[in-house]
Amino acid sequence: VFNLPEYVVLNCARPVLIAPYASGEYKVGRNVLIAWNGSKEATSAMTSAIPLVRGADNVIVAMLDPEPQDAPAGIAPAADIVAYLARHQVRAITLTVPGAAHAGEALLSLVAELDCDLLVMGCYGHTRFRELLLGGATRAVLRSMSVPVLMAQ
Amino acid sequence: MSYKTIDVHVDASVHAPARIQLAAALANDHGAHLIGAAMTCISRFVQTAGSGDRAPSAVAGFAEKLHHDACQALDGFENLARAAGVRSWERRLVADDPEGGLVLLSAFCDLLVLSQTDPAHVAAGAVRDLPEFVMLNVARPVLLLPYASVSAQLDGKALVAWDGSLEASRAVLGALPLLGRMREVVVVQFDERGPGAPGAGAADLLGWLARHDINASIESPTTGIGSGEALLSLASELHASLIVMGGYGHTRFRELLLGGVTKTVLESMTVPVLLAH
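The listed protein sequences correspond, in order, to chains D and G.
Under our numbering, the first residue of the first sequence carries the number 1, and numbering increases by one thereafter.
Under our numbering, the first residue of the second sequence carries the number 154, and numbering increases by one thereafter.
These aren't lab readings, by the way, just hints derived from the structure by calculation.
Heads up, a few of these hints could be off.
[Claimed, not checked] With a straight-line Cα cutoff of 16 Å, these simulated EDC-like cross-link-like pairs (lysine to aspartate or glutamate) come out:
#, chain 1, residue 1, chain 2, residue 2
1, G, K416, G, D271
2, D, K27, D, D57
3, D, K27, D, D115
4, G, K310, G, E252
5, D, K40, G, D271
6, D, K40, G, E320
[As the list claims (entries may be wrong)] Listed next, the stretches of chain D that the computed footprint assigns to chain G, with coverage defined by at least 3 CB atoms under 8 Å from CB atoms of chain G:
#, stretch
7, 6 to 16
8, 35 to 42
[Unchecked claim] Some chain D residues well away from chain G (every beta-carbon gap over 12 Å; in silico):
#, residue
9, A22
10, G24
11, T47
12, A76
13, D80
14, L85
15, R87
16, E113
17, D115
The structure presented is a predicted model; accordingly, all values stated were derived computationally and were not measured.
Where a beta carbon is used, it is the ideal one built from N, C-alpha and C, also for glycine.
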């Protein structure tokens, strides 16, 4: 099934802001959830969201199933992300989210639970192996999102 | 978007001081925090595979020496950062190989500064294609400095090699803060269909740059620049002091075609090159 937002995100070098079809007036970017799993895509999405989230009341970086071997001595992803964003005048907090098997559903329920009005995440396609694993989250969010989503590849 | 965190690769190479000095000058220009990153050169996977937190005793002495070298390189970084008057900097020792450490750290910076591989000075344990590996595996622009000579400042003329691809589009986005400080920006239409071929949208690129307060011009070379050599000679003809271009590897089909340009530039560049994949 052809999916326009997904196609555009996967084929351009810019962030794409996707509006949900559910009606409502959106105040984009008061409570922001940034999904981060260490991937290139998530990193691009986080950075491209900076101009949009600088004035937000709350920015929460959800760290999805961070694997211990991904952080050798000298790197502390949670602290490094907070410092990186702070240098861009974005005050963020981090939240560890286990269970990446259903990352899409996990993100959507976090958005609802935390009353977020913007979700920022990497977009993964379906061609390569790792995209096969991660593409499910993209699909789930695109199918069931109820708030605007900023995606980047 | 501005550069607020700049990572510079710190090692024992003879080219490290020039690299650190240029990164320090960039940090000062952009009001950025400067991270000097030295790696222990032992993969994190080796370290976690052992039973304890130290490498097996047979290689412990070697590991000790590598650790000592990295710390010494960071001392050098510290002296240069202080001398340059960088307001905010930190030394970072990462327990990983250079390529792994730089890729992981890149998530928390806006620009990575590395040196071109110098075939005459490949240090023990160094990875020859480090710049290429890092460029292909990070979501950040990589500023690569030539080993031949590096001027202390980045100003003058920038050449943007534009072929309308995703990679070129990422490179020019990642270069925006640098381009804003160049005296002149020249966009060169980089299209295998020949000079001036329609469709690559160089005119729209100029409009986009103008909205970022960058006035650029389009240069149409009389000969095509479909090869790395042609791109480099055009850069020297134009007296460009910076090249901005998309970077390609060699794995996939379309990269097989375009990877040749990247490879030639990585081997023969004489001015700084900003690459993005």
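Exercise. Can you list which hints this structure breaks, lowest number first?
Worked result: 4, 5, 11, 12, 13, 14, 15
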